[in-house]
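Peer 1: My numbering runs 5 ahead of the 1-based position in the sequence shown.
Heads up, a few of these hints could be off.
Calculated cross-link-like contacts (lysine-lysine; reagent style DSBU-like; alpha-carbon spacing at most 30 Å) [as the list claims (entries may be wrong)]: (1) Lys119 x Lys233; (2) Lys232 x Lys119; (3) Lys180 x Lys108; (4) Lys218 x Lys233; (5) Lys273 x Lys218; (6) Lys180 x Lys218; (7) Lys277 x Lys108; (8) Lys119 x Lys108; (9) Lys277 x Lys119; (10) Lys79 x Lys119; (11) Lys108 x Lys79; (12) Lys273 x Lys79; (13) Lys232 x Lys277; (14) Lys218 x Lys119; (15) Lys233 x Lys180; (16) Lys273 x Lys232; (17) Lys232 x Lys108; (18) Lys232 x Lys218; (19) Lys218 x Lys277.
With beta-carbon atoms standing in for the labels, derived distance ranges [what the hints assert, rightly or not]: (20) Ala264 x Glu210: 20 to 26 Å; (21) Pro205 x Pro17: 26 to 32 Å; (22) Ser60 x Ala23: 16 to 22 Å; (23) Asn172 x Glu63: 18 to 24 Å.
Hints were generated in silico from the structure; no laboratory data involved.
For each residue, glycine too, the CB sits at the ideal point set by N, CA and C.
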Amino acid sequence: MQDTQNSKPTLPYPSASANLIAECEGAIGWLTFSRPVRMNAVSVEMWAAIPDLMSRFEADRDVKVIVLRGAGGKAFVAGADISQFDQERAARKPAQRYEQANKRAYRAIAGVSKPTIAMIEGYCMGGGLAIALSCDLRFAAEGATFAIPAARLGIGYPPEGVRQLLNVIGPAFTKELLFTGRQFDCLEAYDMGLINRHLPHGLLEPYTRDIVKMLAANAPLSIQAAKKTIDAITDEPQSYDRAAIDTLIMDCLASEDYAEGRRAFMEKRVPKFTGR
6 MQDTQNSKPT LPYPSASANL IAECEGAIGW LTFSRPVRMN AVSVEMWAAI
56 PDLMSRFEAD RDVKVIVLRG AGGKAFVAGA DISQFDQERA ARKPAQRYEQ
106 ANKRAYRAIA GVSKPTIAMI EGYCMGGGLA IALSCDLRFA AEGATFAIPA
156 ARLGIGYPPE GVRQLLNVIG PAFTKELLFT GRQFDCLEAY DMGLINRHLP
206 HGLLEPYTRD IVKMLAANAP LSIQAAKKTI DAITDEPQSY DRAAIDTLIM
256 DCLASEDYAE GRRAFMEKRV PKFTGR
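Whole structure, please, built from the sequences with the hints as guidance.
Peer 2: Structure representation (structure tokens):
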């Protein structure tokens, strides 16, 4: 298999926030939360910058998978920047603007058509856990910890965040997470289905890169159709747009990639998909 990660040099994207680093490395779009002195807590400027960077990854044909990570090794994202709460969340109108910025960021991550992976080390708390839940897959290193401390701060958790949790871990664990506000370790998170994999520290990035290679070698239209179908059925199990899903499936059947997949199978070789 072609080494999709090392075929091209790492190329940075411009960012509106110095604490968000976006780069293209072969098939990987890396989005790094880089405020290690604050455990990568997300500032207002960082929330606002996320949608544009996700749009850039979406438009970059070289990027097949987007990986979100935290700098410094001690935290993925330790939550929203609490030091800004007195200014941004103390009154109703500023709080509403703040929540809208958060929602736009979460929706930008969840709405991108390409697979997204949260590569989690250390603390993954509050808004950081919501960011991870906006991704398709979550891989964590041993020692990672997870919590939503809303009940310890007097914050009402928004319906979109509750729906994310319900879709991933169900009502019983969602209630435990939100009612207690306590920290859950990596094994507890895995047992409740909050993360897909837990790995020894030194294996987290190699494992993530191996998964990226696997995904990058598969047909992009097939992956996109699967992602949109899963999300549609999960969000609206009784009333999802069946016609739109059928169109995605027919688009796959009419694609050049489907023809290439059949030829490669008959010729006993690795297919070369182009996303068309």
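Peer 1: Hint by hint, say whether it matches the structure.
Peer 2: Status of each hint after checking the structure:
1. Taking the CA atoms of Lys119 and Lys233, the gap is about 10 Å. The hint holds against a cut of 30 Å.
2. The suggested pairing of Lys232 with Lys119 holds, with an alpha-carbon distance near 8 Å, which does not exceed 30 Å.
3. Among the hinted pairs, Lys180 with Lys108 is consistent with the structure: their alpha-carbon atoms are about 21 Å apart, no more than 30 Å.
4. Among the hinted pairs, Lys218 with Lys233 is consistent with the structure: their alpha-carbon atoms are about 21 Å apart, no more than 30 Å.
5. Using a Cα cut-off of 30 Å, the hinted pair Lys273 and Lys218 holds, with the two alpha carbons roughly 20 Å apart.
6. As the CA atoms of Lys180 and Lys218 are separated by approximately 36 Å, the hinted pair breaks the 30 Å bound.
7. For the given pair, Lys277 sits about 37 Å from Lys108 by alpha-carbon distance, which is inconsistent with the 30 Å threshold.
8. The hinted pair formed by Lys119 and Lys108 meets the criterion: a straight-line CA distance of about 19 Å does not exceed 30 Å.
9. Taken as a hint, the Lys277 and Lys119 pair is honoured in the structure, with Cα atoms around 18 Å apart against an allowance of 30 Å.
10. Between Lys79 and Lys119, the direct Cα distance comes to roughly 27 Å. Compliance with the 30 Å bound is thereby established for this hinted pair.
11. With a CA separation close to 26 Å, the supplied pair Lys108 and Lys79 stays within the 30 Å bound.
12. In summary, the hint linking Lys273 to Lys79 is not supported, as the alpha carbons are separated by about 45 Å, beyond the 30 Å threshold.
13. At roughly 21 Å between alpha-carbon atoms, Lys232 and Lys277 fall within 30 Å of each other, so this suggested pair holds.
14. Of the supplied pair hints, the one linking Lys218 and Lys119 holds, its CA atoms being roughly 14 Å apart against a limit of 30 Å.
15. Restraint check for Lys233 and Lys180: satisfied, since their Cα atoms lie roughly 27 Å apart, inside the 30 Å limit.
16. Between Lys273 and Lys232 the CA atoms are separated by roughly 28 Å; this keeps the pair inside 30 Å, and the hint holds.
17. For the given pair, Lys232 sits about 20 Å from Lys108 by alpha-carbon distance, which is consistent with the 30 Å threshold.
18. Restraint check for Lys232 and Lys218: the C-alpha separation of about 18 Å stays at or below 30 Å, so the hint holds.
19. A C-alpha spacing of about 13 Å is found between Lys218 and Lys277, which places the hinted pair at or below 30 Å, so the restraint holds.
20. The hinted window of 20 to 26 Å between Ala264 and Glu210 is violated, with their beta carbons roughly 35 Å apart.
21. Checked against the hint of 26 to 32 Å, the C-beta distance between Pro205 and Pro17 comes to roughly 30 Å, which is consistent with it.
22. For Ser60 and Ala23, the Cβ-Cβ distance of about 19 Å falls inside the hinted range of 16 to 22 Å, so the restraint holds.
23. A hinted range of 18 to 24 Å holds for the C-beta pair Asn172 and Glu63, which are about 22 Å apart.
In summary, the numbered hints that this structure violates are 6, 7, 12 and 20.
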